[in-house]
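Chains as they are written, first to last, in numbering that gives the first Met the number 0: chain A, 0 to 444; chain B, 0 to 455.
Quick caveat, the hints were computed from the structure, so don't treat them as lab data. Fair warning: there could be bad hints in the mix.
[Said to hold, decoys possible] No more than 16 angstroms apart at the CA atoms, straight line, and that leaves these computed lysine to aspartate or glutamate pairs for EDC-like:
id: 1; chain 1: A; residue 1: Lys314; chain 2: B; residue 2: Asp28
id: 2; chain 1: B; residue 1: Lys312; chain 2: A; residue 2: Glu143
id: 3; chain 1: A; residue 1: Lys164; chain 2: B; residue 2: Asp163
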Amino acid sequence: MKSYCQSFVLGAVITIGLLTSAQAALPIQQLDSYKGTKAYLVQTQSLPMLDIEISIDAGSRYDPASKAGLASLTGELLNKGIRSSTSNLTEAQIADQIADLGADISVGVTGERALIRIRCLSRPDVRDRAVQLARLILSSPSYESTVLNREKQRISAGLLEAETKPDFVLDRRFRKAVYGDYPLGNAMTVKSIANLSTLELKQFHQQFYRSDRVTVSMVGDVSQSEAQEIVKTLVQDLPQRGSVIPSLPELARSPVENLSEREITIPFDSQQAHIVMGMTAIARNNPDYFPLIVGNYALGGGGFVSRLMNEVREKRGLAYSVFSYFAPGQETGIFQAGLQTKNDQASMALDVMTETIAQFIAKGPTQSELDAAKANLINGFPLRIDNNRKLLDNVSSIAWNGLPLNTLDTWTEQVNAVTREQVESAFKKYLAMDRMKIIVLGAKQ
Amino acid sequence: MRQSLQLLFFGFWLISQLALGASTQSTEDTHEYLLSNGLKLIIKEDHRAPTVAHMVWYRAGSIDEFNGRTGVAHVLEHMMFKGTDEVKSGEFSRLVAAEGGRENAFTSRDYTAFFQQVEKSKLSKVIQLEADRMVNLNFDDADFAKEIQVVMEERRLRTEDNPDSLLNESLMATAFMSSPYRHPIIGWMNDLINMKANDARQWYQNWYAPNNATVIITGDVDPDKTYQLVEKYYGGIRAHELPVRKPQLEPDQKGVKQVHVKAPADSAQLVMAWKVPRLQPDNINNDEPYALELLAAVLDGYDNARLNRTLVKQARLADNVEAQYDMISRGPALFIVGVDLAKGKTIAQAETGIRQALAEVADKGVLDSELKRIQTRLLANQVYKRDSIFGQAMEIGGFEMAGFSWKDLNTVQERMQKITPAQVQAVAKKYLIDSTLTIAILDPQARQSAKAGVQK
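Bound conformation, chain B alone (with noise of 0.2 angstroms):
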């Protein structure tokens, strides 16, 4: 962001908690406005504290990149605090704190977006400075060479150290044939090596525009007042033709596929992830994405779950488990489960214990109470979550990338509530299949210096 919320794991969790955490919205206290260049601008008002929250995101991610340029979103994210015409490199930051403002940008498979929280009479400077690097920014080469440093710093110490990091890669980029989500977002390492100024510069031109971006503002404003200042700030950004999006649907896949990686670990780990759909926006009355959410909640989503339940507590096969589905997404959905072994279990029982586990839910069902409780959960959800404004910014933004509208939290949540157990049965029984499965096995080998190294 310049800590690019990490795909899987960091970027999965937190969407698919805001997708969870839907809400009934009021359109009095939401506001959607659409500039004239094309620019959406959605304010949420929420006068408990004398603060605001205003992020930019922009419709480009990782999703939109092509191979040998895979990194380049979130390379431009980090070059977006390198300077304008006005704003020399650094400088950009320097005055966000200077009002005492804090900010940060994150990159996604999905989209890449910026934002800034300050007190409310600050709104207006950062407006301005956030306009101004959407239409001129200017770095230099010499920047950009020491930028490219931090990035591979940056992936060394996400990704290359980290074994989780690496078999989440290895296991999308098995999962994927030709849909650009078998990238990582922060790019292979040979791609960030030789990348160049220009092919941040290109991604740039290509993407940073008012008709690709939606400006979120939520917290103490007065929304015609701040309608007033977005139209002045970015209103005069002229719009320009966004490159042809090509559809790149992932083809069926055709049985089990299966990778394993070897890093540096004491644990083994198994994840097994299957293609699934995802909820698509001409089509929100579709069930199946909401009982998969829900599915996900039963096996993984409070701490007598399913899963911890049976693989953790009574059979000891795993020490943690996983769960993940996010049916909010540009590109295509998994259904994930993770376990790390415990000790002296092997893959093949661990395996063994995932299916059985899922298996019952597919032969059985689920029980309503189970279900209940996550649905009554989700409902609590929706009073914790107006505890921030900048929460409150992200599930909206996460939506509107997605191609939804603020406007259908409402729906999703109402739809959430009434998802029978017979349906969650479903999913599970027609989803979780082994033609569109993926396997992925993290096979641990111990470090050269450990020894030597770990002190007692």
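Isolated chain A, as found in the complex (with noise of 0.2 angstroms):
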């Protein structure tokens, strides 16, 4: 290993640019499928290095109801021990090997997707190298119980901690009011992980880390052949098919319920009471899609510029931070804006907010607001994608969601031609006051 460190020694650097012009990022190239797995790449000479990311379709919406936590912590080991028919590797083996190669190969679980994400020099010695790790990681990790039972211990402990602090027990219960019975409706808890076997894990692999469920997202200094053979690296000792799996219920639009169904006051003894307020919303891709970005851009989006930052923040001093987003996925995702203020400013903050939320819904933004937000966007288009890392959460977001190719080069065309009725329309269409989840968490006052 010592010896790569004597060449990285960098010369001088060749400047290509990663965009042909302002407006036009460079060509995402489809590759061929390998055993089902989709691949796509996006060439960037100007830097020596190569990012990868494989997103496996194996996120915690797969969670069986009674065990929170079963796809995360499978994901959470895949790099904590190693074994396959030609390596063994514990989990310390595989950390050196990886600061060694001076690389980063990190892993995580989101509510879709288990993610591996690579970062490393291009050299063709040291990238082969990492690409050979990221396999085994990929397909061949150990589950030792050793390991598995100190994994549940500390994030036990996490989680005792977190519940002790307001930000974390208000999502909680946010996502289960707007989750319900969905699976993302469950977190984890101590007692949903305390049970989980290495058996378990070892099934949970097997059954959904297949080539078939996974999509591979590559920025940087690599030719297409090299990238075509990297996904076939990956993916080669995946299985291709496996059992069927049951395809998950429909995620219920949030209902029309009264005021006091959907409101939740939790009491908790910190200095600021933390608001909530959202609902179920859209897919990435729905077609309205772009309005409801634009609009949102003017609601609680658009940093210091917001309706809501004006309300709440410029006009009356309440809060430090607050927002709205929407979260969309592969499947519908949420509506969701917030805030923090002192206890005694709560209600006055909640009103303000919905108040605010209400007029929005009720006549969408003024025209100047939505010029506004559109020159943002679209002047702003080139910071999106001004490097590897952004290139690549842009490829990964596409090939994830199913969009189309040229999504980056249509973009700004998207933005441009949306309207302040389509605003109006489709905050009507998706968002509703009497089916907003309000969660308020503070002292008594």
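Assembly of the complex is requested from the two constituent chains, each provided in isolation within its own frame, with the hints serving as guidance.
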């Protein structure tokens, strides 16, 4: 390993732009599918490095009802021990090898997917070793009971700690309220992970980590044929098919309810009250995506210039942070708005937030708000794609959500085409005040 | 920034990453200018994408504050968005947003900085706006009255309801008797309650001057044209004399100090902090700070580094560990080791575990392979960091504010590669000693409302 050291020294770096012009991104190449794995590449040659993201359709949404945390632990333990026909590596050996390569290989699990992210130098000797290691991490985790027991202890301690924190308690209750019986409503608890066994992790891995459930996105200094080989290597040890995976239930739209049914108060002796409001919304491929994100910029997404920021912070000094956003995924995601304020201002702040959002749903943005939103999003588009990391995020979103490959090329046109009426009708179509779940956490005044 | 980089944790990490990421900068792509009013301008070309980061850094942070007015540097950072003679309150952000820009600001112990990221044709506009508020800030008392409430909410959010922050606040206030590093960047709550608009105005008049500022521009720019733009908008601002900065050197510590903090939490925490040297601009060939940086990385620089391996995975004394050191700063440096205790373990057991891990280094040294691993990582970081023009501007700014030059980045990186295992062992032995040690303990308390509040 020592030999890698000396040879990293940089020479002059060839400069080839990431963008062909201010508004056009580099093309996304769709590689040949291999064993059912879809793969996408953006070639950037200006830095001798490569970013790879492996998405596996194995997120927390597949957790069985009584076993919340199974998908997370299956993913989190991928890099904590390897056993295959050719390699046995302890977690310490894996960590040392990654470090010796000067690479990053991280694992994580979201609601929809498990993720392995690799960042390494593009020099073939380093790159190939990083890819081989990632292959083993993806396909041959050993799931040892000592490691599982330790991680369960650490996660349990983290959960107990989190239960003393206002933001965590608020968010967990909010998700339960919005997702209801849908699997993502069941957050992992000390109890739900207590009895998980290595056998269950192995079974989950076998069932869900299949090549036809994998998507690979790559950005960096690699040729198309090299990229194709990388994909083959990464998934070569995975089974292509397996037992039928039952389809997920539909996430039902947040129902119309009386305020007393929708609003939940959590007593909590923090100095600030934390307030959140929201409901089910849309998937990323929804045709109303653009009217909603343009509108949300004006409502609560646009940094220091949104309506919520203006009403809550600028005019009244009620909060440091106030926001709203849509979180669309492959499946229906949520809309959420929130703030934190000292306890004796909680009801005033909630009133201002409620009134602001209600007004926006009822009447939409003003023409000048819409123009300002479009100006920011369009003029700022180059900032969304000006480095490898950001490009990878975009490619990954396009690949995962099944969006057209020219999404980045038409992005500004789509924003520009949004009208005030479209925003107003899209907000009315997907959001409604009598469906909003409201959680207020704080000390009683 | 209007979310201040919270000192210890956020700020510290960021800066220590920057220090570790120091690089070979060719002078072919980096250009330095000094305007006649004392403003320093550093331009780093990067033509990969048609975007630019524009930052102005003022050498005025909480280290320059006086007791009774703590937090004023950060409060003024907020007030900088509240209007000038030409640009009315709140307009600054609206105008940057209209250009498609992303903007924010942050305050640390050492400096206050403001930035915009924009498509390159918009650079002129943001330079004009930023230059305007360097000299023409003019906010009214009503705006101050509202914004100080926002800052108090920020303090409640980040500190009052956050046991990690409370512990760090007490750690710093205990470790330092005289150095202004003992005060939190966001300020003590009572000082915020009693702060007046004129305190913020006075701060502005004292420190916001071209001769106390560095402008850093990275991205797809032509250096000559960019220099002309900066000269056009910032060049006319007059320099003025800055207040005298007293050294306020911390007296030598004469023995172990300890502080206990009770706060709502579940796990106990133990933090041990030693006073150690930092890198001095007039002595960047001193190997000790570099060796301390590498010591921190050997302890906690990768997944299988010593503290995680021994305390979390083997002995199960802790659930999380952390080692921090930042050799680049204006004020005194601490070498910090902190742990979240595992269930059923005592503070005494955790302290013994930490001391054993450190004694292992001091007595037996570190392996050649361990150190090479860290040094390999540093070299790879030289490539990775170039992916972000914003990160490169941050790196230059942190260096410049601490009294170094961007030209030193190269030297720092080279020296980091030459440190030997014996040098790492030597600094562990020499500096991690009880006479300069401060121990902070978080004693977790149940929340009064927690049982009723948590819904399973």
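Okay, the hints, checked on the actual structure:
1. A:Lys314 x B:Asp28: Distance of about 45 angstroms is beyond 16 angstroms: violated.
2. B:Lys312 x A:Glu143: Cα-Cα ~13 angstroms, so holds.
3. A:Lys164 x B:Asp163: holds, 11 angstroms
Checked against the numbered hints above, the structure breaks only hint 1 and satisfies the rest.
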